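**Q** Sequence:
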Amino acid sequence: MTIKPFTIDVDQIAIDNLKQRLADTRFPQSFEVEDWSRGVPKSYLKKIVKYWEETYDWKKHEAAINLYPQFITEID
Numbered sequence: 600m601t602i603k604p605f606t607i608d609v610d611q612i613a614i615d616n617l618k619q620r621l622a623d624t625r626f627p628q629s630f631e632v633e634d635w636s637r638g639v640p641k642s643y644l645k646k647i648v649k650y651w652e653e654t655y656d657w658k659k660h661e662a663a664i665n666l667y668p669q670f671i672t673e674i675d
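Here the working numbering is used: the sequence shown runs in plain steps of one and ends on residue 675.
Rather than coming from a laboratory, the hints here were simulated on the basis of the structure. Any given hint could be a false lead.
Claimed, not checked - Below 25 Å or equal to it, Euclidean Cα-Cα: the simulated DSS-like pairs (lysine-lysine) are:
no.	residue 1	residue 2
1	K649	K659
2	K603	K649
3	K659	K641
4	K645	K603
5	K659	K618
6	K646	K618
7	K658	K603
Said to hold, decoys possible - Computed beta-carbon distance windows for the label pairs:
no.	residue 1	residue 2	range
8	A613	V639	18 to 26 Å
9	Q611	R637	21 to 29 Å
10	R620	Q669	25 to 33 Å
This one's a predicted model, so the numbers in the text were calculated from it and none came from an experiment. Don't be surprised by glycine CBs; every beta carbon is placed ideally from N, CA and C.
All chains should be modelled from the sequences, with the hints used to inform the complete structure.
**A** Put into structure tokens, the structure is as follows:
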């Protein structure tokens, strides 16, 4: 069994692509219910999408995760 160290390094192109897809999100126009009876309320979902698109700093969190040793191995 081989155990190899690694670090998380998400390519900036992938992050930019995700942000663009978040910016392009189309939300349904109907069934605006705020009590979760039909799933996630649109207003809440919009806040989450906006956070991931404009606020979340992947590289900051990536660096924090990489403070801990990361390993990869193959298990039968």
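**Q** Against this structure, judge whether each hint is valid.
**A** Each hint tested on the structure:
Between the alpha carbons of K649 and K659 the distance comes to roughly 18 Å, so the proposed pair stays at or under 25 Å and holds. At roughly 36 Å between alpha-carbon atoms, K603 and K649 are farther apart than 25 Å, so this suggested pair is violated. Proposed proximity of K659 and K641 is contradicted: the alpha carbons are some 28 Å apart, above 25 Å. This hinted pair does not check out: K645 and K603 have alpha carbons roughly 40 Å apart, beyond 25 Å.
A C-alpha spacing of about 16 Å is found between K659 and K618, which places the hinted pair at or below 25 Å, so the restraint holds. Distance restraint check for K646 and K618: the Cα-Cα separation of roughly 14 Å lies within the 25 Å cut-off, and the hinted pair is therefore satisfied. Using a Cα cut-off of 25 Å, the hinted pair K658 and K603 holds, with the two alpha carbons roughly 22 Å apart. Under the hint 18 to 26 Å, the C-beta atoms of A613 and V639, about 25 Å apart, fit the expected range.
In this structure, Q611 and R637 break the distance hint of 21 to 29 Å, their C-beta atoms being roughly 37 Å apart. R620 and Q669 have their C-beta atoms about 26 Å apart, which keeps the hinted 25 to 33 Å range intact.
Going down the numbered hints, you'll see the structure goes against 2, 3, 4 and 9, while the others check out.
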